[in-house]
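Participant: As they're listed, the protein sequences go chains A and B.
If you want my numbering, it's the position in the first sequence, counting the first as 1, plus 2.
If you want my numbering, it's the position in the second sequence, counting the first as 1, plus 2.
Among the hints, erroneous ones may be present.
Note that the list lumps identical chains together, so a pair holds whenever it fits in one copy or between two copies.
[To be verified] Cut-off 27 angstroms, straight-line C-alpha distance, at most; resulting in silico cross-link-like pairs (DSSO-like, lysine-lysine):
| id | residue 1 | residue 2 |
| --- | --- | --- |
| 1 | K200 | K85 |
| 2 | K29 | K200 |
| 3 | K42 | K4 |
| 4 | K85 | K29 |
| 5 | K185 | K42 |
| 6 | K4 | K96 |
| 7 | K42 | K96 |
| 8 | K42 | K123 |
| 9 | K96 | K85 |
| 10 | K4 | K85 |
| 11 | K200 | K181 |
| 12 | K96 | K29 |
| 13 | K42 | K181 |
Note that these hints are calculated values from the structure, not bench results.
Protein chains: 2
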Amino acid sequence: MKLTFSPGSPFARKVRIAAIELGLIDKIELVPATVAPTQKNEAYAHDISPVRKLPALILDSGQVIVDSYNITEYLDELAGGGKLVPASGPARWKVKTEHTLIQSMTDALLLCRYEMGVRPKEFFWQGWYDDQWDRAWVGLGQFENHPDILTRPLDAAQISLVCILGYLDFRFADCGWRKAFPKLDAFHERMLQRESVKVSVPPNG
Amino acid sequence: MKLTFSPGSPFARKVRIAAIELGLIDKIELVPATVAPTQKNEAYAHDISPVRKLPALILDSGQVIVDSYNITEYLDELAGGGKLVPASGPARWKVKTEHTLIQSMTDALLLCRYEMGVRPKEFFWQGWYDDQWDRAWVGLGQFENHPDILTRPLDAAQISLVCILGYLDFRFADCGWRKAFPKLDAFHERMLQRESVKVSVPPNG
Numbered sequence: 003m004k005l006t007f008s009p010g011s012p013f014a015r016k017v018r019i020a021a022i023e024l025g026l027i028d029k030i031e032l033v034p035a036t037v038a039p040t041q042k043n044e045a046y047a048h049d050i051s052p053v054r055k056l057p058a059l060i061l062d063s064g065q066v067i068v069d070s071y072n073i074t075e076y077l078d079e080l081a082g083g084g085k086l087v088p089a090s091g092p093a094r095w096k097v098k099t100e101h102t103l104i105q106s107m108t109d110a111l112l113l114c115r116y117e118m119g120v121r122p123k124e125f126f127w128q129g130w131y132d133d134q135w136d137r138a139w140v141g142l143g144q145f146e147n148h149p150d151i152l153t154r155p156l157d158a159a160q161i162s163l164v165c166i167l168g169y170l171d172f173r174f175a176d177c178g179w180r181k182a183f184p185k186l187d188a189f190h191e192r193m194l195q196r197e198s199v200k201v202s203v204p205p206n207g
Numbered sequence: 003m004k005l006t007f008s009p010g011s012p013f014a015r016k017v018r019i020a021a022i023e024l025g026l027i028d029k030i031e032l033v034p035a036t037v038a039p040t041q042k043n044e045a046y047a048h049d050i051s052p053v054r055k056l057p058a059l060i061l062d063s064g065q066v067i068v069d070s071y072n073i074t075e076y077l078d079e080l081a082g083g084g085k086l087v088p089a090s091g092p093a094r095w096k097v098k099t100e101h102t103l104i105q106s107m108t109d110a111l112l113l114c115r116y117e118m119g120v121r122p123k124e125f126f127w128q129g130w131y132d133d134q135w136d137r138a139w140v141g142l143g144q145f146e147n148h149p150d151i152l153t154r155p156l157d158a159a160q161i162s163l164v165c166i167l168g169y170l171d172f173r174f175a176d177c178g179w180r181k182a183f184p185k186l187d188a189f190h191e192r193m194l195q196r197e198s199v200k201v202s203v204p205p206n207g
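Looking at chain A on its own, in the form it has when it is part of the complex (with noise of 0.2 angstroms):
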């Protein structure tokens, strides 16, 4: 299998540390890949995905996957499943529902990056960024108060949880989650014992 990566990107490090985590990284060719917006990509966009996102996998038979939860989901059925999501019940759709609300909140940051250093200065809205800003923010603080997704048994949406964090570090290093967020900072920490969670620490991190 093949997966389109950049190490910077959030998405691409929590389906490489689910693969460690699962056993099954030996499998899969890291293959970097550049997407960003308002850079055309013809080729990622015919062959990869119209909607030019990382990360993809690419099966030997040539079927893609996207996106990295649903990469998650099909590494833990071939894993065995029931590891990384729960196989069924409440708490199947707890981890999902906690997992996709930290992939909204790490495209909110996406969002939040994209208006400050990508957009032209001159067309900043300080109104959007502060939204977006927001719905990460108060989302961490909700986890902070959330014992259960910090000291259960590591699964998607610690992963999802880790890696927004490490994305703060990466580029806004300067916001003060860390005292914000004391709970968060020692799940961090804790989290960061797993050579997976370590070796996946973006480059300026």
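Fit chain B to the known structure of chain A by using the hints.
Facilitator: Relative to the frame of chain A, chain B by itself:
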């Protein structure tokens, strides 16, 4: 169960269609909700979702499920499973991938809408608008040449496809998608013969 809902939301429409097709609509109370960029909604952020998106399903137990895809999968399982999302094998990952692509394309159209209709005019950036529009348009072109999704039995990806086309009528009525994509037009007409699709057309569509 309760579903937070707005008649203009393509994501809420998707769940409504799925619930009707699965025979579950009578068990769901549609609860009107208003969320919009740069408008705080602290009650929604606190009780339902910090990212303030529609729809959310609130179970009788109080458990909240987001987003529209997770809700569709949840309802599908409630109805016996394997109806709108194949239960296993390559067909499962195909429908999930197609659905995710169309969801991302719809997100791109919402970003176009916000850029053009919500952002103050002096901060409009044509490059961003064109890039997001391209993601949706290129994706529609790929589905135009993808006879499988246009003809197979009803599934979650097809429901998503009809909802993005309805959203184009609702917000981008002059974009000319019917002329550019005649096979999608024929698919849309066929889908409109379903009561679920017909009753859920957006108000100005």
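Participant: Could you work out which of the previously given hints the structure breaks and list their numbers from low to high?
Facilitator: No numbers; nothing is violated.
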